[in-house]
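Chemist: Sequence:
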Amino acid sequence: MGLMTSPAALMAQDNDQTLADIRQQLTVLSVEVQKLRRELSTTGGGSVETGGNSVL
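First residue of the sequence shown: 1, per our numbering; consecutive thereafter.
It is possible that some hints are incorrect.
Within a straight-line C-alpha distance of at most 20 Å, the following computed SDA-like cross-link-like pairs (lysine to any residue) qualify [claimed, not checked]:
no., residue 1, residue 2
1, K35, R23
2, K35, Q24
3, K35, L19
Listed next, with one range per pair, are the computed distances between beta-carbon atoms [what the hints assert, rightly or not]:
no., residue 1, residue 2, range
4, S6, L40, 47 to 55 Å
5, T42, P7, 45 to 53 Å
6, A20, T43, 30 to 38 Å
7, A8, S41, 43 to 51 Å
It is worth saying that the hints were derived from the structure and are not from the lab. Every value quoted in this text rests on a predicted model; they were computed, and no experiment measured them. Heads up, the beta-carbon is just placed ideally off N, CA and C, and yes, glycines get one too.
Make a model of the complete structure from these sequences and hints.
Modeler: What follows is the structure, given as structure tokens:
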């Protein structure tokens, strides 16, 4: 028989990793946005109107 783990135990393990994973993903996304902004400003791509409601 295989090792069975309860759904609650699996969720607890996922929650332990989730916050660190989200922080890492946000850091990566932030760096990517900075790269894109830098690329846009150096290529003279103009400005993109977002209506002032930025998610970032």
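Chemist: Next step is simple, just say for each hint if it's right about the structure.
Modeler: Here is how each hint holds up against the structure:
no., hint, in the structure
1, K35 x R23, "18 Å, holds"
2, K35 x Q24, "17 Å, holds"
3, K35 x L19, "24 Å, violated"
4, S6 x L40: 47 to 55 Å, "49 Å, holds"
5, T42 x P7: 45 to 53 Å, "50 Å, holds"
6, A20 x T43: 30 to 38 Å, "35 Å, holds"
7, A8 x S41: 43 to 51 Å, "49 Å, holds"
Hint compliance for this structure: hint 3 alone is broken.
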